[in-house]
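The residues making up each chain are set out below.
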Amino acid sequence: MKIIVLMKQTFDTEAKITLDGQGKINRQGVNLIINPYDEFAVEEALRIKEKHGGEVVLVSVGADSVQEALRQALAMGADRAVLINPEMEEVDEFTTATILARAVSGLGYDLILGGWRAIDDGSAQVAGRVAEILDLPVVNQVTKIEIEAGKAVATRDIEGGNEVVEVSLPAVLTAQKGLNEPRYPTMKGIMQAKKKPMEKKNLADLGLSADQAAPKVKVLEYFLPKPRAAGKILEGEVPEAVAALVKALREEAKVI
Amino acid sequence: MQYTLTEEQELLRETVRRLAKERVEPGARERDEKGKFDWEMVTLFRENDLFGLDFPAEYGGSDAGMLSLIIAVEELSKVDASAGLLIDLQELGTLPIMLAGNEEQKKKYLPKLASGEHLAAFALTETSGGSDVAGFRCQAKKDGDSYILNGSKIFISNGGVADVLTVYALTNPEKGGHKGAAVFIVEKGMPGFSVGKKEDKMGIRWSDTAELIFEDCRVPAENLLGAEGMGFHIMMKTLDFARPGIAGQALGIAAGAYEYALAYAKERVAFGQPVFNFQGVSFKLADMCIRIEAARHLLYKTCAVYQELPKDMSRLSPEQIRLSAMAKCFCSDVAMWVTTEAVQVLGGYGYTREFPVERMMRDAKITQIYEGTNEIQRLVIANTLK
Chain U
4 MKIIVLMKQT FDTEAKITLD GQGKINRQGV NLIINPYDEF AVEEALRIKE KHGGEVVLVS
64 VGADSVQEAL RQALAMGADR AVLINPEMEE VDEFTTATIL ARAVSGLGYD LILGGWRAID
124 DGSAQVAGRV AEILDLPVVN QVTKIEIEAG KAVATRDIEG GNEVVEVSLP AVLTAQKGLN
184 EPRYPTMKGI MQAKKKPMEK KNLADLGLSA DQAAPKVKVL EYFLPKPRAA GKILEGEVPE
244 AVAALVKALR EEAKVI
Chain A
57 MQYTLTEEQE LLRETVRRLA KERVEPGARE RDEKGKFDWE MVTLFRENDL FGLDFPAEYG
117 GSDAGMLSLI IAVEELSKVD ASAGLLIDLQ ELGTLPIMLA GNEEQKKKYL PKLASGEHLA
177 AFALTETSGG SDVAGFRCQA KKDGDSYILN GSKIFISNGG VADVLTVYAL TNPEKGGHKG
237 AAVFIVEKGM PGFSVGKKED KMGIRWSDTA ELIFEDCRVP AENLLGAEGM GFHIMMKTLD
297 FARPGIAGQA LGIAAGAYEY ALAYAKERVA FGQPVFNFQG VSFKLADMCI RIEAARHLLY
357 KTCAVYQELP KDMSRLSPEQ IRLSAMAKCF CSDVAMWVTT EAVQVLGGYG YTREFPVERM
417 MRDAKITQIY EGTNEIQRLV IANTLK
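For the protein sequence lines, the chains are U and A, in the order given.
Mapped onto the working numbering, the consecutive letters of the first sequence carry residue numbers 4 to 259.
Mapped onto the working numbering, the consecutive letters of the second sequence carry residue numbers 57 to 442.
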């Protein structure tokens with residue numbers, strides 16, 4: 004069974020987001036990690052491989068720094084990795100999905116896994132778009148996967164409960180929290196990871212032109228939420244305090 | 057010689073840091089309060105293959121070198137000093153076998169120690185003290201194809217939980233503790249071997265510290281490491297190789313306390329601003345940062361030197377011996393100083409059990425005492441300067 008995992012490198016969940024002089028997100032000195040939802044996908048791929056045999060191939064779009072995240076997933080036990088550097092200033096979901104779909108179609112697959120969303124931009128589009136381009140069924144936000152002959156039975160979160168669906172393979176399944184608890188790489192795994200193949204490609208290697216993958220969405224502006232002001236405690240007797248509160252709500256907060 | 061960390065070591069550090077934060081830190085306070093050995097931690101470290109980092113690959117280890125082990129000890133000790141100690145004790149207890157064991161002994165014992173299926177302990181200290189070898193009484197008398205051990209050991213880390221113990225005993229008391237000693241591999245459950253009093257300690261409270269009692273304990277002669285009379289040499293070299301482990305634990309405690317105090321100082325507001333803005337506080341943090349960085353460099357250099365050395369009974373140079381003693385002495389002194397200052401940065405809160413720095417301060421103290429007090433370390437260092 005050949006399992007592809009779509010993987011993204013993101014900021015650490017605890018990273019403090021700041022903007023640089025140009026109003027872009029400042030990447031200096033930020034700790035980078037595997038997108039946690041993608042990490043569930045990696046773990047699930049490894050478990051499926053351990054049970055049914057096969058190969059786990061990681062595919063990612065991004066700069067050279069993504070190699071660190073890929074190396075970590077290789078250390079967890081994945082077999083090989085492909086990194087496509089689009090060499091573009093900005094990419095959107097269309098760009099990423101177009102590149103991933105092209106790369107994946109060249110690799111061959113029985114199952115494609117990914118996180119249901121990335122924790123940075125949170126758009127939750129890429130896996131679905133890849134499925135669309137490859138004309139594959141997609142099941143989102145799965146919390147359990149069972150592989151049977153030529154099909155997958157997946158449990159997914161829905162409003163107020165769960166849904167169990169059956170889907171023929173190949174298919175794209177996206178991981179939700181609760182699917183599994185990812186393993187930590189061991190030192191042996193880390194040392195083996197260095198010997199595992201990591202292919203680096205660009206758009207031309209995939210036969211894509213910059214135009215074909217050019218983003219369709221442009222970010223106009225990034226801004227940080229306003230820091231919350233300290234609360235105010237009104238003192239004194241209740242009738243006076245209530246009067247002061249109503250006054251503050253009307254004149255300062257302007258909500259009544 | 058290695059100076060910067062390899063890509064693998066960086067990833068190991070990231071991994072152990074994360075494991076420590078997610079799986080070790082949450083229960084640290086409770087384990088400290090209970091003061092009871094925690095098998096769940098053993099299971100966690102087995103599952104993540106942390107016991108055999110510096111064990112040879114041919115016996116199931118990761119063969120990742122001493123620096124990798126120390127990085128893991130450091131990261132675990134940042135959140136729980138007893139946890140860092142646990143993987144370090146595996147190295148300490150096994151070192152006599154790695155250094156002086158024959159092929160059969162290594163084949164028999166190392167794989168299960170590398171995986172953590174078995175735990176190890178090194179038994180040296182007696183009531184007369186840990187460094188006054190001349191006062192040692194524990195004896196091993198040859199009887200046919202075995203030795204009969206009699207005597208007791210105290211303050212043995214992992215003593216009550218270890219499956220494999222390397223025990224220092226006198227085979228020829230007339231020759232004294234230096235020339236008449238040997239090291240034996242004793243297994244848990246050997247008739248005549250029992251565990252006595254468990255210590256209730258100031259710090260590293262859930263690490264097991266016990267008295268070992270040998271009453272006509274029959275140990276097969278094939279469990280003798282090296283030869284009779286080699287005990288002192290094996291013991292000294294074991295300690296030379298093991299001291300960086302305690303230094304790593306101490307460095308981790310210091311770094312953990314520093315990181316906590318730094319984050320606290322940036323959050324805690326007094327007189328209308330974070331206390332970090334006051335030089336009385338920020339200078340303390342600057343001094344902590346200096347000492348920790350200096351300690352780390354000394355220790356990593358020591359590890360880089362030691363991991364190139366063969367693990368056998370060849371002699372170490374005075375410079376090599378000195379490095380290991382300096383790393384242990386300096387890192388542990390830094391740990392004591394930094395943790396004390398960290399409590400001061402947190403003020404009244406730092407003195408309460410609600411915050412981890414008081415535990416770190418209690419944990420730091422032992423690193424100045426065990427595996428040779430820092431006074432003994434200075435003696436060792438001074439001896440190399442003669």
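Think of the hints as simulated: they come from the structure by calculation, not from any bench.
These figures come from a predicted structure and were not determined experimentally.
Hints are supplied without guarantee of correctness; some may be wrong.
Calculated from the model, a selection of chain A residues having no Cβ within reach of chain U, i.e. all distances over 12 Å [said to hold, decoys possible]: (1) Ser124; (2) Asn206; (3) Glu410.
Simulated crosslink set (SDA-like; lysine to any residue; CA at most 25 Å straight-line) [claimed, not checked]: (4) A/Lys77 x U/Arg30; (5) U/Lys191 x A/Leu365; (6) U/Lys197 x U/Lys180; (7) U/Lys180 x A/Pro82; (8) A/Lys322 x U/Lys154; (9) U/Lys19 x A/Glu255; (10) U/Lys203 x U/Ser108; (11) U/Lys197 x A/Met392; (12) U/Lys221 x U/Lys52; (13) U/Lys54 x U/Asn143; (14) A/Lys163 x U/Lys19; (15) U/Lys197 x A/Lys257; (16) A/Lys235 x A/Gly116; (17) U/Lys197 x A/Arg324; (18) U/Lys191 x U/Arg83; (19) U/Lys229 x A/Arg371; (20) U/Lys229 x A/Val325; (21) U/Lys52 x U/Lys235; (22) A/Lys77 x U/Gln25; (23) U/Lys191 x A/Thr99; (24) U/Lys203 x A/Thr62; (25) U/Lys180 x A/Glu81; (26) U/Lys235 x A/Arg324; (27) U/Lys191 x A/Lys235; (28) A/Lys322 x A/Arg371; (29) A/Lys244 x A/Glu315; (30) U/Lys203 x A/Phe288; (31) U/Lys180 x A/Arg73; (32) U/Lys191 x A/Gln329; (33) U/Lys229 x A/Pro330; (34) U/Lys199 x A/Pro82; (35) U/Lys235 x A/Arg371; (36) U/Lys19 x A/Phe288; (37) U/Lys19 x A/Lys77; (38) U/Lys19 x A/Glu81.
Each residue gets a CB set at the ideal place from its N, CA and C atoms; glycine is no exception.
Hints violated by the structure (numbers, ascending): Numbers 1, 6, 8, 9, 11, 12, 14, 15, 16, 17, 19, 21, 22, 27, 28, 29, 30, 32, 34, 35, 36 - these are the hints that the structure violates, sorted from lowest upward.
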